[in-house]
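Visitor: What follows is the residue order along each chain.
2 protein chains.
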Amino acid sequence: MEIRLHSPLDMHLHLREGAMLRTVAPWSARDFAAAVVMPNLVPPVTSLERLTAYREAIGAAVAPHHFTPLMTLFLQPYSEATLSALRSQIIGVKLYPEGVTTNSAGGVSDLTAVEPTLALLEDLGIPLLVHGESHGFVLDREAEFLPIYERWAQRFPRLTIVMEHITTAGAVALLDRYPNLAATVTLHHLMITLDDMAGGLLNPHLFCKPIAKRPEDRAALLQAALAAHPRLMFGSDSAPHPIERKEAAGCAAGVFSAPVCLPLLAELFAHHGALDRLQAFVSDNACAVYGLTPLPKTVTLRRMPWQVPDRYGEVVPFYAGKTVDWAVVARDS
Amino acid sequence: MEIRLHSPLDMHLHLREGAMLRTVAPWSARDFAAAVVMPNLVPPVTSLERLTAYREAIGAAVAPHHFTPLMTLFLQPYSEATLSALRSQIIGVKLYPEGVTTNSAGGVSDLTAVEPTLALLEDLGIPLLVHGESHGFVLDREAEFLPIYERWAQRFPRLTIVMEHITTAGAVALLDRYPNLAATVTLHHLMITLDDMAGGLLNPHLFCKPIAKRPEDRAALLQAALAAHPRLMFGSDSAPHPIERKEAAGCAAGVFSAPVCLPLLAELFAHHGALDRLQAFVSDNACAVYGLTPLPKTVTLRRMPWQVPDRYGEVVPFYAGKTVDWAVVARDS
Numbered sequence: 001m002e003i004r005l006h007s008p009l010d011m012h013l014h015l016r017e018g019a020m021l022r023t024v025a026p027w028s029a030r031d032f033a034a035a036v037v038m039p040n041l042v043p044p045v046t047s048l049e050r051l052t053a054y055r056e057a058i059g060a061a062v063a064p065h066h067f068t069p070l071m072t073l074f075l076q077p078y079s080e081a082t083l084s085a086l087r088s089q090i091i092g093v094k095l096y097p098e099g100v101t102t103n104s105a106g107g108v109s110d111l112t113a114v115e116p117t118l119a120l121l122e123d124l125g126i127p128l129l130v131h132g133e134s135h136g137f138v139l140d141r142e143a144e145f146l147p148i149y150e151r152w153a154q155r156f157p158r159l160t161i162v163m164e165h166i167t168t169a170g171a172v173a174l175l176d177r178y179p180n181l182a183a184t185v186t187l188h189h190l191m192i193t194l195d196d197m198a199g200g201l202l203n204p205h206l207f208c209k210p211i212a213k214r215p216e217d218r219a220a221l222l223q224a225a226l227a228a229h230p231r232l233m234f235g236s237d238s239a240p241h242p243i244e245r246k247e248a249a250g251c252a253a254g255v256f257s258a259p260v261c262l263p264l265l266a267e268l269f270a271h272h273g274a275l276d277r278l279q280a281f282v283s284d285n286a287c288a289v290y291g292l293t294p295l296p297k298t299v300t301l302r303r304m305p306w307q308v309p310d311r312y313g314e315v316v317p318f319y320a321g322k323t324v325d326w327a328v329v330a331r332d333s
Numbered sequence: 334m335e336i337r338l339h340s341p342l343d344m345h346l347h348l349r350e351g352a353m354l355r356t357v358a359p360w361s362a363r364d365f366a367a368a369v370v371m372p373n374l375v376p377p378v379t380s381l382e383r384l385t386a387y388r389e390a391i392g393a394a395v396a397p398h399h400f401t402p403l404m405t406l407f408l409q410p411y412s413e414a415t416l417s418a419l420r421s422q423i424i425g426v427k428l429y430p431e432g433v434t435t436n437s438a439g440g441v442s443d444l445t446a447v448e449p450t451l452a453l454l455e456d457l458g459i460p461l462l463v464h465g466e467s468h469g470f471v472l473d474r475e476a477e478f479l480p481i482y483e484r485w486a487q488r489f490p491r492l493t494i495v496m497e498h499i500t501t502a503g504a505v506a507l508l509d510r511y512p513n514l515a516a517t518v519t520l521h522h523l524m525i526t527l528d529d530m531a532g533g534l535l536n537p538h539l540f541c542k543p544i545a546k547r548p549e550d551r552a553a554l555l556q557a558a559l560a561a562h563p564r565l566m567f568g569s570d571s572a573p574h575p576i577e578r579k580e581a582a583g584c585a586a587g588v589f590s591a592p593v594c595l596p597l598l599a600e601l602f603a604h605h606g607a608l609d610r611l612q613a614f615v616s617d618n619a620c621a622v623y624g625l626t627p628l629p630k631t632v633t634l635r636r637m638p639w640q641v642p643d644r645y646g647e648v649v650p651f652y653a654g655k656t657v658d659w660a661v662v663a664r665d666s
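As given, the protein sequences belong to chains A and B, one line each in that order. Residue numbers for the first sequence follow the numbering used here, so the first one is 1 and each next one is one higher. Residue numbers for the second sequence follow the numbering used here, so the first one is 334 and each next one is one higher.
Hints are supplied without guarantee of correctness; some may be wrong.
[What the hints assert, rightly or not] Footprint (simulated), chain A over chain B, 3 or more residues, beta carbon under 8 angstroms:
id, region
1, 544–555
2, 581–588
[Claimed, not checked] Pairwise CB distance ranges (calculated):
id, chain 1, residue 1, chain 2, residue 2, range
3, A, T323, B, G458, 48 to 56 angstroms
4, A, G273, B, A414, 34 to 42 angstroms
5, A, G273, B, S380, 28 to 36 angstroms
6, A, H135, B, G469, 28 to 36 angstroms
Think of the hints as simulated: they come from the structure by calculation, not from any bench. Everything numeric in this text was worked out from a predicted model, so none of it was measured. Cβ coordinates follow ideal geometry from the N, Cα and C atoms, glycine included.
Please build the complete structure, drawing on both the sequences and the hints.
Guide: So, in structure tokens, the structure goes:
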């Protein structure tokens, strides 16, 4: 059994910088036509200079693969002139509440004070990508943020708001209430719950933000993905950390899934008899939400065993050492 | 400010064997008059020979401290003759559902099939200590086990049933419904929630079973402890693992708290204006529940800064490197 995916897109990706960028970026570039690249570097991507340099570094890291980094800007109180000038360079602006995840110290501390900037984004037709978590109890953070999504969806009806890496049934339900809300969901949140991380021995390699939730949350996410909900897009949130930052007293949040996304998605969708909907989930939905033109890249997967490597450089991948039922057998672009 | 605690008791303790026993046992023996010693070794404590040898190994490890190990037997389908013969050697029998925690592979797989043994315990006046977790989703395991406690509390009204290391508001509520139910609670479950383990960076040293729960659960546990609920006893569940088993891909469950229990309990109770109830929580309640005679050991704590060591041998303790407001300043026995 085979499936050919056209222009597969990863709508939420962390590529890092320097040596880590060079280690991980080629794996995304092999399997995906393009990816939305997160701007939470140190310092964050907040200027044309930084953005251009980062795009060039990504280009150098992924050569000779055909791969388009869809750049994002770290949300700050930008002027209209700044946003107008940057508009053609970015796919969207990413909002991080201050301190909620890796390198978000410069994020937004007052979620209502940011609204003039959101109004500018709406006027300029620039999508808003949001890490939607409160500062509350770790299991409640996404649920506590949903009223903010509702408020913005109502106040900015022409603004495309992407709820990034959703993890709860409540967020899935919200998708159907506002036509200007879209969402990304990761591979790992379709596969694991908190039980996989902490139900037996603790597995730091499954520790991520937002944290994996309850079985009923995973079920709601999976159902929406398998149904190819038109505003639910695949975004890996692949977020590598070196092994010494994972198997440590203070383990960094993030799952490195880039090399295993398409094989595991094929296995998951095939297992549920939904292989015919994978194209929508990994590409078509995102093209429609963002108004993207599909890129000329085709990835063919075949049902055959593939053992995931234990390491990619100093990074332990999702599903390390396990065998997936599907493998990428051809890439044409 | 000072407090003198008479016959402090740790009603749930893991002392391990071999080198680890020799590393950790003296810290319990310094601060506690006695402790209930868990039997989940490899192989478990299921015979007089094993029990006697273990008690002797503990005695050798804690010398010259005055310390009484209150031994427990790992629950299996024992005969009346066996239990009668062992009765004078043990404080109770510990039930582990099969596979729910460290070294519980030989535990009970059928919770109703075990009831004839519970009837024997009731007839012989031997308390039943229970690791009360189901095999369900990690956050629901204790809640799912509560109906089993209810069933047994009703069917065996003369059996003292101790709900070990309770972590939920539901378990606290159950205490008031059945006079033959008692419970232990750990120091760390009075102090932390899942947020402390996984809300920021992941801290494997706070990973334990049962896993720390929600803020409202901690609040209910703390309220009952500070009120010196007469059937709530202190049990540290101090459970050491070497650092290489904690900061690892498969991190073992357990918090090593033995050396810090009394200082942190004094700080906690003093902070909440409940220092006068600490004696009941760390000794008197347990004496009443189990019919124990207090042992002639007095531990004096004073309000003064004490920095917790980073390591005890190869074990990272609870509160490692942090400063506690209280310190043990004298031990008399």
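Visitor: All the hints need checking, so say for each whether the structure fits it.
Guide: Cross-check of the supplied hints:
1. 544–555: This one holds; 3 residues, not fewer than the three required, reach chain A with a Cβ under 8 angstroms.
2. 581–588: Contact hint for the region 581–588 of chain B vs chain A: holds, 6 residues under 8 angstroms.
3. T323/A with G458/B: 48 to 56 angstroms: 54 angstroms, holds
4. G273/A with A414/B: 34 to 42 angstroms: 58 angstroms, violated
5. G273/A with S380/B: 28 to 36 angstroms: 54 angstroms, violated
6. H135/A with G469/B: 28 to 36 angstroms: 29 angstroms, holds
In summary, the numbered hints that this structure violates are 4, 5.
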